[in-house]
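Peer 1: Sequence:
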Amino acid sequence: MRAILVSRHGGPEVLEPADLPDPVALPDRTLVEVTAAGVNYADTHRTDGSYRAAPALPFVPGTEVAGRTADGRRVVALLFPGGGYAERASVADADMVEVPDGVDDATALALLVQGLTAWHVLRSSARLRDGETVVVGAASGGVGSVAVQLARHFGAGLVIAAASTAEKRERALRLGAGVAVDSDPEGYAERLLEVTGGRGADVLLESTGGATLTAALGGLAPYGRLISYGNASRQGRPPADFGVLAERNTSVAGFWLKPALDMPGGFREPLRELLGLVADGRLVLPPGPAYPLAEAGRAHADLLARRTTGKVVLIP
Numbered sequence: 001m002r003a004i005l006v007s008r009h010g011g012p013e014v015l016e017p018a019d020l021p022d023p024v025a026l027p028d029r030t031l032v033e034v035t036a037a038g039v040n041y042a043d044t045h046r047t048d049g050s051y052r053a054a055p056a057l058p059f060v061p062g063t064e065v066a067g068r069t070a071d072g073r074r075v076v077a078l079l080f081p082g083g084g085y086a087e088r089a090s091v092a093d094a095d096m097v098e099v100p101d102g103v104d105d106a107t108a109l110a111l112l113v114q115g116l117t118a119w120h121v122l123r124s125s126a127r128l129r130d131g132e133t134v135v136v137g138a139a140s141g142g143v144g145s146v147a148v149q150l151a152r153h154f155g156a157g158l159v160i161a162a163a164s165t166a167e168k169r170e171r172a173l174r175l176g177a178g179v180a181v182d183s184d185p186e187g188y189a190e191r192l193l194e195v196t197g198g199r200g201a202d203v204l205l206e207s208t209g210g211a212t213l214t215a216a217l218g219g220l221a222p223y224g225r226l227i228s229y230g231n232a233s234r235q236g237r238p239p240a241d242f243g244v245l246a247e248r249n250t251s252v253a254g255f256w257l258k259p260a261l262d263m264p265g266g267f268r269e270p271l272r273e274l275l276g277l278v279a280d281g282r283l284v285l286p287p288g289p290a291y292p293l294a295e296a297g298r299a300h301a302d303l304l305a306r307r308t309t310g311k312v313v314l315i316p
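The sequence shown: position 125 = 125 (the UniProt record's numbering), numbered continuously.
Derived from the structure by calculation, the hints contain no laboratory data. One should not assume that every hint holds.
[Said to hold, decoys possible] Restraint ranges, calculated between C-beta atoms of paired labels, are given here:
| # | residue 1 | residue 2 | range |
| --- | --- | --- | --- |
| 1 | 130 | 253 | 14 to 22 Å |
| 2 | 68 | 27 | 30 to 38 Å |
| 3 | 11 | 290 | 20 to 28 Å |
[Unchecked claim] List of simulated lysine to any residue pairs, SDA-like, C-alpha gap at most 25 Å:
| # | residue 1 | residue 2 |
| --- | --- | --- |
| 4 | 258 | 176 |
| 5 | 258 | 233 |
| 6 | 258 | 218 |
| 7 | 258 | 11 |
| 8 | 258 | 276 |
| 9 | 258 | 170 |
| 10 | 258 | 269 |
Glycine included, C-beta positions come from ideal geometry on N, C-alpha and C.
Modelling step: build the complete structure from the supplied sequences, incorporating the hints.
Peer 2: Right, here's the structure in full:
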């Protein structure tokens with residue numbers, strides 16, 4: 001089968017097409033003919049070797065696949081530590097869910113990592129309560145576009161979208177955000193305080209890291225919670241000043257999806273809920289670009305350069 005192989009760590013240039021043996025059927029696993037594979041920021045970290053659980057070289061990247069089983073079922077599945085950038089994949093039965101009619105492959109793939117991340121940061125980490133004010137950073141991105149809608153669905157009183165360009169802020173408003181602000185670190189906290197009448201946000205979802213994370217802390221309300229679930233800037237997560245946090249009883253929590261999925265009820269139940277919301281038209285995911293499998297390197301390059309919106313997928 002055709003697949004993408006990473007034989008050395010590096011940038012998009014190390015993603016090379018290769019001919020590999022088909023995966024072997026094993027107990028409690030299902031062979032899936034891949035119709036689309038999802039691309040995530042975490043894939044770029046695995047490729048350059050900076051991911052906290054980077055697979056050993058050589059490896060086939062990709063933790064998300066949509067496809068069909070031998071008996072004709074449409075499924076979407078997670079693959080840890082990888083193997084999705086290929087024509088076929090062997091997936092654990094426990095990590096696979098059937099896709100309902102009316103949900104396309106790209107949308108189903110977007111729900112696996114981006115959708116489940118948005119669900120868990122709001123439900124499991126932030127423990128959002130009715131009427132609270134939520135700031136969604138990178139609000140037009142993969143996780144952000146879902147989180148804007150889920151926050152409203154989960155009962156947020158006000159959803160504030162933060163994004164770097166006017167176009168991205170407008171897109172988030174169309175998805176249901178009540179107000180949008182510029183996420184530039186310079187003046188970020190002041191803008192959040194302004195749109196909340198000086199109170200600040202109860203929940204702030206942050207995936208950029210670096211200066212943006214530091215600035216966001218000043219926009220929290222008393223007892224506000226900042227959930228850091230990414231580091232797109234690659235500037236690192238600065239250490240928290242606990243004295244500053246204590247001044248307003250604010251808190252900072254980190255989030256990683258993998259252990260959340262391993263918790264009882266952490267994978268299939270929320271994923272089926274998300275698939276149902278899409279099938280019912282209550283959750284809309286913006287379309288994203290599709291690349292041929294052999295152009296995985298170009299897909300990574302465009303993702304890293306922030307030239308994409310919506311879910312990025314590879315088509316074998």
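Peer 1: All hints are to be evaluated individually against the structure, with a verdict given for each.
Peer 2: Here is what the structure says about each hint:
1. 130 <-> 253: 14 to 22 Å: holds, 20 Å
2. 68 <-> 27: 30 to 38 Å: The hinted range 30 to 38 Å is violated for residue 68 and residue 27, with Cβ atoms some 21 Å apart.
3. 11 <-> 290: 20 to 28 Å: holds, 21 Å
4. 258 <-> 176: Violated, at roughly 28 Å.
5. 258 <-> 233: holds, 21 Å
6. 258 <-> 218: violated, 29 Å
7. 258 <-> 11: The given pair, whose Cα atoms are some 23 Å apart, holds under the 25 Å limit.
8. 258 <-> 276: Distance of about 22 Å is within 25 Å: holds.
9. 258 <-> 170: Outside the cut-off at roughly 32 Å; violated.
10. 258 <-> 269: Roughly 15 Å separates the two Cα atoms, so the pair holds.
When each numbered hint is compared with the structure, violations occur for hints 2, 4, 6, 9.
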